[in-house]
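Novice: Take a look at the letters that make up each chain.
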Amino acid sequence: MFIIKCPYCGERDHSEFSYGGEAHINRPKKPTELTDDQWAEYLFMRKNIKGIHYERWNHSHGCRRWFNMARDTSNDKIHSVYKIGEKPPV
Amino acid sequence: MKNKYSIFTLIKNSFSYHENWQKAWGNPKPKSYYDIVIVGGGGHGLATAYYLAKEHNLKNIAVVEKGWIGGGNTGRNTTIIRSNYLWDASAGLYDHALKIWENLSQELNFNVMFSQRGVMNLAHNQHDVRELKRRTHANRLNGIDCEWLNVDQVKEFCPIINCSPDIRYPVMGSTLQRRAGTARHDAVAWGYARSADSMGVDIIQNCEVKGIKRKGDSIEGLETTKGFIKTSKIGVAAAGHSSVIANMAGLKLPLESKPLQALVSEPIKPIIDTVVMSNAVHAYVSQSDKGELVIGAGTDSYVSYTQKGTHEIIEGTLKAVLELYPIFSRLRMLRQWGGIVDICPDASPIISKTSIKGLYFNCGWGTGGFKATPGSGHLFAYTIAKDEPHALNAPFNINRFVSGDLVDEHGAAAVAH
Ligand SMILES: Cc1cc2nc3c(=O)[nH]c(=O)nc-3n(C[C@H](O)[C@H](O)[C@H](O)COP(=O)(O)OP(=O)(O)OC[C@H]3O[C@@H](n4cnc5c(N)ncnc54)[C@H](O)[C@@H]3O)c2cc1C
Ligand SMILES: [Zn+2]
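Protein chains in written order, with my numbering: chain Z, 1 to 90; chain F, 1001 to 1417.
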């Protein structure tokens, strides 16, 4: 129940977008050298934060491009939207 | 001791206009030390405290709840109870709970209104048919009652379902678990609270846990809005807020918390005497004793703690409901609400010790933990008291995400609760 400002298209109803989960989880550079604990961390463990959450979204019913967003999960207020590759705002 | 509820106490109290009933549980101030503190006064937390006191003879126990007991998902769910899960581990876990449900009202001397009205799971395509037949066989091998109904039998068992072959997702059959059904959600929390209180458990409401004090690899106590509580064991049963509590202890869990919604219609005369669920079209319906249709919707995709979901989720559910039950087309919806459910990657729960000594988690029940309330409390109590899991919850340890020994129940758990 919120409006998302796609960095490419502007403000749209959130139903045009798909959620892509927690952002900034890097794919392991050397997967063969990972321990089971490290795999579990990468695959399954999530911050699941109540507060500012950095997450990925896709404008699936629009420009179809991915971007990142910082949203407060305690009230669904969006703090900022930023492009893939950009550093998360503090 | 609590006075026993019976027809006689009901009559007796009617003479004083029901104004002199004994309090069902107290309102204690927290003591400075407890042997065990349970975080979260939902059904799971209260049941855990009850079984700790009753079966493990432990007395110095508190349940701390940030709001009022049963005000979380326990009081927000659609109350479907069943045990027809696919894998042996889940069958063991959920049927353990179902067996306790069958005598729970007597055991607690509190009418939890457990009603074994049967639960149907509809199939709408060839894949559903194969999957549900497979589950029927798996259930029966595990000693769980389950039947396969063909379309004619579906029509006979629940006549208001639209079984026309012309609808977008035609009904092609259904499973039926006759021992499954519903119960009164509040009563479960209240019944456990009342019995736990009478055995000396302190139920502390309006007391939010704000921090966990650690000393190396063990715990010292809890920072709460009612002060510091020293304890040697903490059992967390905080549903959607599990990760928040885990973070306080420096742990991460494999959970995502998402809104899940439900809604009820205006009350009508009895029209559906069973529970009908459909994974494929994302709709399930039962009727409450007050006559309201109780309709479960889906989860939103994103992490949120707002306890409200989006409109489009409800819209999608109602579309599916109307195609399956055209007879409901002119019903008005009365209320809608959301709860925050903690979802595990394999759609199975966690009842487990953690890497921190004395800290235990009962979480990840996601969209479907109400049905497990008695069993979950029973096994969590065992795990906390003995500091080792019971055979039934051993597969649901937190380490399965490292070992890869997942209990994948997406087919049985995903939408259907
Ligand atoms: C809309 C909806 C429909 C559902 N339908 C079904 C269904 O049909 N069948 C089924 O089996 N399951 C269903 N579920 C899931 C089910 O409700 C839950 O799995 C179950 O009730 C969880 O019980 P609980 O006691 O663990 O959690 P809760 O009842 O949520 O209790 C957790 C408690 O912890 C408290 N808490 C949180 N943080 C803190 C803190 N920091 N300090 C102190 N206390 C804290 C909360 O206030 C809350 O009262 C549904 C859920 C929803 C939301
Ligand atoms: Zn766009």
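Hints are computed from structural coordinates only; laboratory data are not their basis. Hints are supplied without guarantee of correctness; some may be wrong.
[As the list claims (entries may be wrong)] Using 30 Å as the maximum straight-line C-alpha spacing, the simulated DSSO-like pairs for lysine-lysine come out as follows: (1) Lys-1210/F to Lys-1357/F; (2) Lys-1029/F to Lys-1099/F; (3) Lys-1029/F to Lys-1269/F; (4) Lys-1054/F to Lys-47/Z; (5) Lys-1319/F to Lys-1269/F; (6) Lys-1226/F to Lys-1290/F; (7) Lys-50/Z to Lys-1290/F; (8) Lys-83/Z to Lys-1252/F; (9) Lys-1290/F to Lys-47/Z; (10) Lys-1269/F to Lys-1059/F; (11) Lys-1066/F to Lys-77/Z; (12) Lys-1155/F to Lys-1031/F; (13) Lys-1213/F to Lys-1155/F; (14) Lys-83/Z to Lys-1213/F; (15) Lys-1023/F to Lys-50/Z; (16) Lys-1210/F to Lys-77/Z; (17) Lys-77/Z to Lys-1002/F; (18) Lys-1226/F to Lys-1059/F; (19) Lys-1213/F to Lys-47/Z; (20) Lys-1012/F to Lys-1210/F; (21) Lys-1230/F to Lys-1386/F; (22) Lys-5/Z to Lys-1031/F; (23) Lys-1012/F to Lys-1031/F; (24) Lys-47/Z to Lys-1029/F; (25) Lys-50/Z to Lys-1353/F; (26) Lys-1290/F to Lys-5/Z; (27) Lys-1319/F to Lys-47/Z; (28) Lys-50/Z to Lys-1308/F; (29) Lys-1066/F to Lys-1269/F; (30) Lys-1357/F to Lys-1386/F; (31) Lys-1319/F to Lys-1066/F; (32) Lys-50/Z to Lys-1059/F; (33) Lys-1029/F to Lys-1226/F; (34) Lys-47/Z to Lys-1059/F.
[To be verified] If you want the ones that stay clear, here's a sample from chain F, every Cβ over 12 Å from chain Z, calculated: (35) Ser-1016; (36) Lys-1029; (37) Gln-1106; (38) Thr-1225; (39) Ala-1246; (40) Asn-1247.
Glycine is no exception: its CB is placed at the ideal position from the N, C-alpha and C atoms.
Novice: Now look at each hint and say whether the structure bears it out.
Specialist: Hints, one by one, checked against the model:
1. Lys-1210/F to Lys-1357/F: 19 Å, holds
2. Lys-1029/F to Lys-1099/F: 35 Å, violated
3. Lys-1029/F to Lys-1269/F: 46 Å, violated
4. Lys-1054/F to Lys-47/Z: 36 Å, violated
5. Lys-1319/F to Lys-1269/F: 22 Å, holds
6. Lys-1226/F to Lys-1290/F: Status violated; Cα separation ~38 Å.
7. Lys-50/Z to Lys-1290/F: 36 Å, violated
8. Lys-83/Z to Lys-1252/F: 27 Å, holds
9. Lys-1290/F to Lys-47/Z: 41 Å, violated
10. Lys-1269/F to Lys-1059/F: 47 Å, violated
11. Lys-1066/F to Lys-77/Z: 23 Å, holds
12. Lys-1155/F to Lys-1031/F: 58 Å, violated
13. Lys-1213/F to Lys-1155/F: Between Lys-1213/F and Lys-1155/F the Cα gap is close to 58 Å, so the pair fails against 30 Å, i.e. violated.
14. Lys-83/Z to Lys-1213/F: Not satisfied, since the Cα-Cα distance of roughly 39 Å exceeds 30 Å.
15. Lys-1023/F to Lys-50/Z: The given pair, whose Cα atoms are some 35 Å apart, is violated under the 30 Å limit.
16. Lys-1210/F to Lys-77/Z: This hinted pair holds, its Cα atoms lying about 23 Å apart.
17. Lys-77/Z to Lys-1002/F: At roughly 47 Å apart (the allowed maximum being 30 Å), Lys-1002/F and Lys-77/Z break the hint.
18. Lys-1226/F to Lys-1059/F: Given pair Lys-1226/F, Lys-1059/F holds - Cα atoms ~21 Å apart, limit 30 Å.
19. Lys-1213/F to Lys-47/Z: 20 Å, holds
20. Lys-1012/F to Lys-1210/F: 44 Å, violated
21. Lys-1230/F to Lys-1386/F: Between Lys-1230/F and Lys-1386/F the Cα gap is close to 20 Å, so the pair holds against 30 Å.
22. Lys-5/Z to Lys-1031/F: The given pair, whose Cα atoms are some 50 Å apart, is violated under the 30 Å limit.
23. Lys-1012/F to Lys-1031/F: 36 Å, violated
24. Lys-47/Z to Lys-1029/F: 33 Å, violated
25. Lys-50/Z to Lys-1353/F: Judged against 30 Å, a Cα distance of about 23 Å means the pair holds.
26. Lys-1290/F to Lys-5/Z: Cα-Cα ~44 Å, so violated.
27. Lys-1319/F to Lys-47/Z: 34 Å, violated
28. Lys-50/Z to Lys-1308/F: Given pair Lys-50/Z, Lys-1308/F holds - Cα atoms ~15 Å apart, limit 30 Å.
29. Lys-1066/F to Lys-1269/F: 38 Å, violated
30. Lys-1357/F to Lys-1386/F: 13 Å, holds
31. Lys-1319/F to Lys-1066/F: This hinted pair is violated, its Cα atoms lying about 37 Å apart.
32. Lys-50/Z to Lys-1059/F: 34 Å, violated
33. Lys-1029/F to Lys-1226/F: 8 Å, holds
34. Lys-47/Z to Lys-1059/F: 35 Å, violated
35. Ser-1016: 45 Å, holds
36. Lys-1029: 28 Å, holds
37. Gln-1106: For Gln-1106/F, whose nearest Cβ neighbour in chain Z is about 39 Å away, the distance exceeds 12 Å, so it holds.
38. Thr-1225: 16 Å, holds
39. Ala-1246: For Ala-1246/F, whose nearest Cβ neighbour in chain Z is about 9 Å away, the distance does not exceed 12 Å, so it is violated.
40. Asn-1247: Given that some Cβ of chain Z is not farther than 12 Å from that of Asn-1247/F, nearest at about 8 Å, it is violated.
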